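Just so you know, the protein sequences line up as chains A and B, in that order. Taking our numbering, the leading residue of the first sequence gets 1, the next gets one more, and so forth. Taking our numbering, the leading residue of the second sequence gets 1, the next gets one more, and so forth.
You may find that some hints are simply not true.
Unchecked claim - Here are the simulated DSS-like cross-link-like pairs (lysine-lysine), alpha carbons at most 30 Å apart as the crow flies: (1) B:K57 x A:K3; (2) A:K69 x B:K78; (3) A:K69 x A:K3.
Unchecked claim - Covered, in the sense of this in silico footprint (three residues per stretch, anywhere, with C-beta under 8 Å from a C-beta of chain A), are these stretches of chain B: (4) 17 to 23; (5) 59 to 73; (6) 76 to 88.
Hints were generated in silico from the structure; no laboratory data involved. Note that the structure is a prediction, hence the values are computed from the model and not measured. All C-beta atoms, glycine included, are put in the ideal place defined by N, C-alpha and C.
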Amino acid sequence: DAKTTQPTSMDCAEGRAANLPCNHSTISGNEYVYWYRQIHSQGPQYIIHGLKNNETNEMASLIITEDRKSSTLILPHATLRDTAVYYCIVSLGPPQKLVFGQGTRLTINP
Amino acid sequence: EPEVTQTPSHQVTQMGQEVILRCVPISNHLYFYWYRQILGQKVEFLVSFYNNEISEKSEIFDDQFSVERPDGSNFTLKIRSTKLEDSAMYFCASSPQDRDLTYEQYFGPGTRLTVT
Numbered sequence: 001d002a003k004t005t006q007p008t009s010m011d012c013a014e015g016r017a018a019n020l021p022c023n024h025s026t027i028s029g030n031e032y033v034y035w036y037r038q039i040h041s042q043g044p045q046y047i048i049h050g051l052k053n054n055e056t057n058e059m060a061s062l063i064i065t066e067d068r069k070s071s072t073l074i075l076p077h078a079t080l081r082d083t084a085v086y087y088c089i090v091s092l093g094p095p096q097k098l099v100f101g102q103g104t105r106l107t108i109n110p
Numbered sequence: 001e002p003e004v005t006q007t008p009s010h011q012v013t014q015m016g017q018e019v020i021l022r023c024v025p026i027s028n029h030l031y032f033y034w035y036r037q038i039l040g041q042k043v044e045f046l047v048s049f050y051n052n053e054i055s056e057k058s059e060i061f062d063d064q065f066s067v068e069r070p071d072g073s074n075f076t077l078k079i080r081s082t083k084l085e086d087s088a089m090y091f092c093a094s095s096p097q098d099r100d101l102t103y104e105q106y107f108g109p110g111t112r113l114t115v116t
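If we strip away everything but chain A, and leave its shape as in the complex, we get (with noise of 0.2 Å):
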């Protein structure tokens, strides 16, 4: 499995873009980039995956740089509640298991 680089923590303003972003410079061609977030204790929740075409969902975009070695996730309006620690992760896919890093600790401040 690739490895990836977040930084441990950012911080956000209420109504304004949060970018995180992601390191992953030993991904192979055909390995995805997934979002996960986790709130508090709960389970991780998906937010977005891509291969080298940058995606948008309901959610959130992912940009993907051109060399696939990093990638930006964009949560356009941030609000109270995407207060949560977002995990970048490399992967084939099923059955492959997702390896969780430490992840990104993302506060939004009123």
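Got chain A sorted already, so can you dock chain B onto it with the hints?
For chain B alone, kept in the frame of chain A given last:
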């Protein structure tokens, strides 16, 4: 919206006792997983299960652990003789089948296991 459910939400047991943690995955999903998270630490993979057999297991998943899908809906994790270090939050997850083979995992709310 369908969701993964887990019971009980909190289990307290004495060291050496057997525990069974139960999960009901989303009904049309084909891949099933158990993860655990010791307080303050990372989420760790334990085991994956597909087509009624284990696909992969971690070093944590030793002979004291077993998984079963006893019927069409439940997925269980058994710890035969619990140790203090088994105290953790245990998460069940399941994945659908997707034509693009890019499956996300859906996690349950977890069972907090406390071994005393």
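Tested hints:
1. B:K57 x A:K3: Roughly 19 Å between the alpha carbons, so the hint for K57 of chain B and K3 of chain A holds.
2. A:K69 x B:K78: violated, 40 Å
3. A:K69 x A:K3: The given pair, whose Cα atoms are some 11 Å apart, holds under the 30 Å limit.
4. 17 to 23: violated (count 0)
5. 59 to 73: Three-residue rule not met by the segment 59 to 73 of chain B, so violated; n is 0.
6. 76 to 88: violated (count 0)
Violation of the numbered hints given earlier is confined to hints 2, 4, 5 and 6; the remaining hints are satisfied by the structure.
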